[in-house]
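Asks: Please build the complex by placing chain B on the supplied structure of chain A, with the hints as guidance.
As you go down the protein sequences, you meet chains A and B in turn.
Under my numbering, the first residue of the first sequence carries the number 21, and numbering increases by one thereafter.
Under my numbering, the first residue of the second sequence carries the number 54, and numbering increases by one thereafter.
Treat the hints loosely; a few may be bogus.
Cut-off 30 Å, straight-line C-alpha distance, at most; resulting in silico cross-link-like pairs (DSS-like, lysine-lysine) [stated by the list, open to error]: (1) A:112 <-> B:60; (2) B:129 <-> A:115; (3) B:129 <-> B:60; (4) A:115 <-> A:179; (5) B:123 <-> A:179.
Treat the hints as calculated values from the structure; they're not laboratory data.
Note that the structure is a prediction, hence the values are computed from the model and not measured.
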Amino acid sequence: MKKTKTPIFRTIISMMISPATALKSAVAGIPWFFSLGVSALAFAFFFMQTGLDLYKTGQKGLQFVMLSAGAGIVYGITVIPLLGAIIWVILKLTKSDKSIGWAISSFCLSYSGALIYGICGILFSFVFGWKTSIAFGVTGVLWATGPIIMSIREMTGGKSTLSIPLATIAGAVVLFTWSFFGKI
Amino acid sequence: MTEDIAKGNGWRRFFRQLCFIAFGLTAFFNPLDRFNPANILFGIVVGLVFGSLCKAFLSGLLRMFNPDLKASIGRKTISHAVEKGMTFMVPFAVMALLATFVMGWSITGGFVSAGLMTAAASASMEIGKLKGKQAMKNTILTSAISWSFSTLWLYSIGFLGKMPAYIEGVVGLISSLAGNFLK
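Pulled out of the complex, with its shape left as it was, chain A reads as follows (with noise of 0.2 Å):
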């Protein structure tokens, strides 16, 4: 039988610029490793930029920008497919007929706009000097928030009720969980 495959930087950039196409056509193809290795890059690079914007101004040191990649690696492969699984188990009772796999699938590809946008930060951080981690890093990280949203949609049968709520409150963990992390 011949196999399928599913374009890989297609499915990124897809579900980056129209990411209701690619939730009903890609998502089921992808391996779950993809899924899981998009998020896990985007906050690395995130978390990176943000180590690396407290290290331009001497307040951290060169360990702190490894150890926040490592953190952002740890974060994108824990708390996002978790916040999936919780969305989950809350559309569940309202007969969801998406799989748990698919949801933590669509959950963690909705962070492929802030991998571009990792992508570039690092290149403007490391060329350029500048201080990226809220122009590059929080701005790809709001992005992801309309793939959630649709991602939420198609788990609910096309309803925004539920999805508009359940998406600011994803959100909004990601921003306080990050912001907590600039902190330490």
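Replies: What follows is chain B alone, placed relative to chain A:
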């Protein structure tokens, strides 16, 4: 379908206005003078005006570029679809308020940009649902409008940020002059 989209439009308009009020409040927030009435009032007015302009441009241009849809379902339905898309700004407005008033951030332009981009994409998706198929021209059009408005917001806030202080000065001057005349 058209009846469905009209249902709840009043609430959606109310939420859209609240979102832009929130963006205005966060843009003109002064952490050293949290409850300055001039900043609050100016933030509300700028937010409402900006929100109305953004909605009018999105609806107007979508109508202009989809004459077939305008003829078949009417201009109001397109407007309702845009309003529905704009409710997707709620998470961004709430997060902007939390970032400003709880976490003490002073730069919230990113929330407006991301919110407008998401709202525009959702408006285009709603139009696609009405048409029965998603059109690339609508996605590009709404993205271009939201990008223009978020750029306008980012640049105009720096300039408009000075206005509340001027307003306060003028009000102070007028009240002192009025006081002198009444003596």
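Asks: Taking 30 Å as the top limit, are the C-alpha atoms of residue 129 (chain B) and residue 60 (chain B) close enough?
Replies: holds (12 Å)
Asks: Are the Cα positions of residue 123 (chain B) and residue 179 (chain A) separated by 30 Å at most?
Replies: holds (25 Å)
Asks: Regarding the pair residue 129 (chain B) and residue 115 (chain A), is the alpha-carbon distance no greater than 30 Å?
Replies: The hint is violated at about 34 Å.
Asks: Is residue 112 (chain A) within 30 Å of residue 60 (chain B), Cα to Cα?
Replies: The given pair, whose Cα atoms are some 27 Å apart, holds under the 30 Å limit.
Asks: Please work out if residue 115 (chain A) and residue 179 (chain A) have their alpha carbons no farther apart than 30 Å.
Replies: holds (13 Å)
The structure fails to meet hint 2 from the earlier list, while all remaining hints are met.
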